[in-house]
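Engineer: Read off the chains here:
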Amino acid sequence: MEKPEMMQENLTRPWHERIDPVTKLLLIAVLTLLSFVLTNIFAEAALILATIFLLLFSGKLGSSMKALGFCAFMILTMLLIQGLFYPHNETLAFSLGAIAFYQEGLTYAALLGCRIIVIVLATNFFMRTTTISENAKYLENAGMKYKTVYLLMSVCYILPQMMQNLKKIQLAQRARGIGEQKSLIQKFKTILPILIPLVIKTLDQSMSRSISLQLRNFESKKRTVRALRRTYLMDKMFHRALGLTSIILIGCKVWMLINK
Amino acid sequence: MTKIEINDLKFTYPGDNFGLKIKHLTFSEGMIAIIGQNGAGKSTLLRLLSGLNQPDSGEITVEGQNLNDYIGDKRLERIGLTFQDPNDQIFNATVKKEVEWGLRQMDKSETEVERITEEVLQEVGLADKMDENPYDLSLSERKLLSIATVVAVRPKILLFDEPMMSLDWPSRKKITAIFRYLADRGHVVITITHDMDWVLEEYEDVYAMAHGELVYSGKTSEFFESPSLVEEVGVLLPKATEVKRELDRYLKEK
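Each protein sequence line maps, in turn, to chains A and B. Using this note's numbering, the first residue of the first sequence is number 1, and each one after it goes up by one. Using this note's numbering, the first residue of the second sequence is number 1, and each one after it goes up by one.
One or more hints might be untrue.
What the hints assert, rightly or not - The calculated label-pair distances, taken between Cβ atoms and stated as ranges, are:
hint	chain 1	residue 1	chain 2	residue 2	range
1	A	Leu166	B	Asn133	15 to 25 angstroms
2	B	His194	A	Met144	39 to 49 angstroms
3	B	Gln37	A	Thr202	21 to 31 angstroms
4	B	Thr26	A	Leu152	51 to 61 angstroms
5	A	Thr131	B	Leu247	45 to 55 angstroms
6	A	Leu244	B	Lys21	49 to 59 angstroms
7	B	Lys21	A	Gly243	50 to 60 angstroms
8	A	Arg209	B	Lys173	27 to 37 angstroms
9	B	Asn66	A	Phe94	44 to 54 angstroms
10	A	Gln205	B	Leu251	49 to 59 angstroms
11	B	Lys21	A	Leu166	20 to 30 angstroms
12	A	Leu159	B	Gln37	23 to 33 angstroms
13	B	Asn68	A	Phe126	37 to 47 angstroms
Just so you know, these hints were derived from the structure itself, not from any lab. Bear in mind that the values here come from a model prediction, so they are computed numbers and not experimental data. Beta carbons are placed, not taken as given, at the ideal position from N, Cα and C, and that holds for glycine.
Model the full structure from these sequences, guided by the hints.
Structural biologist: Structure representation (structure tokens):
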């Protein structure tokens, strides 16, 4: 039975926070699989629109735009390569002087590009609406071994922590005049002053963490699972529905590959 | 005369609610202490003063010149900064090489590099550890080493973020003597510290910050005599001030 204050908290939370992390992960899986099953460019565009709405309604669209910028370069390269060299190129789309771009290649690259956009936007929705600690708590409560959860979460944490360290070290080394060098060889030499403290600091932090875990009796058999403070919206039902959809979509894709 | 002036300075970290706002502030040659709680904006101010971060608006000038123009391509000679964590700035294989690194960037002669390195390591008390790997030193020794790397280069402006943190009493005395020596020779030595006893003992003037703003600049003794200011800034009273207060109370009662 939910406590009244907990119910109140659940009601005040935005909709995307009332969906559990596993549902969000399954949603990414469904959207990704769907983008691979669909072969029509307009259907793919509709799928992109759906992910955009997902981000828009969760208020995370603006912060996800950077990720799209990263994709743009990759998609442009694909359009260029496939437009020119796709093996089934037959119909001329347009030409730039002596360089001819073909419709089949461009369509194929656009399809791949759409899939990339769907995956990136859907992943962004997950990344921007869940925290690592929330995932850990949920997985532990769902029955996963706490050691496995800790290992998973450590892996998730290490990259942002290293990025944070890197930023700090870069700034600290700039204060020592590193980064002001002009020649290429000098610039290359500046990698070490950043890399050495970064590696040592990261190792040091891992060592400190393992010592503190030992001191706090991480291996204790008496350890109990921390009760979830939050309850999620129909999480079991969503898991089943999305899990089933994923299986159906995998089946569809396999069927398509067999009958190709 | 080296004079740093800040006018209408505003700075915010992207995606952060914290903002630094300073209407007007002047630092002159000598020893300067900046105090305040964690998150008051002290380290941010230091980074802005070092030119590592750029203000959103307003200006920092040194000797009448814009800070970036003042630094130009002579960062090492102009501004030195040590971070709270010495591990962020250490990367050479030996203590000696660590100190020599900055000097070599300034194209000093080999004999000069040798002489200054030995002198500075002697000053901070690390002369006997010259050939050791910096990462084999204790935290306080690494702190001394990071200070030595900046002091060796003798920039006009020296910025230290909590230099006394984790230092023992003899090391603190050595560092204070070095700061005093540099301040007496026309350098601007700006220090962030949480050590109020040290501030009262060594600093004539103090700059106090709270919530990203400068709330006091003036005589150190006057600052500690104002209970409301001390409370606003959120620092501990120096022991000497506490004793004085107790003594005053006792005398009044008598």
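Engineer: What hints, given by number in increasing order, does this structure fail?
Structural biologist: none
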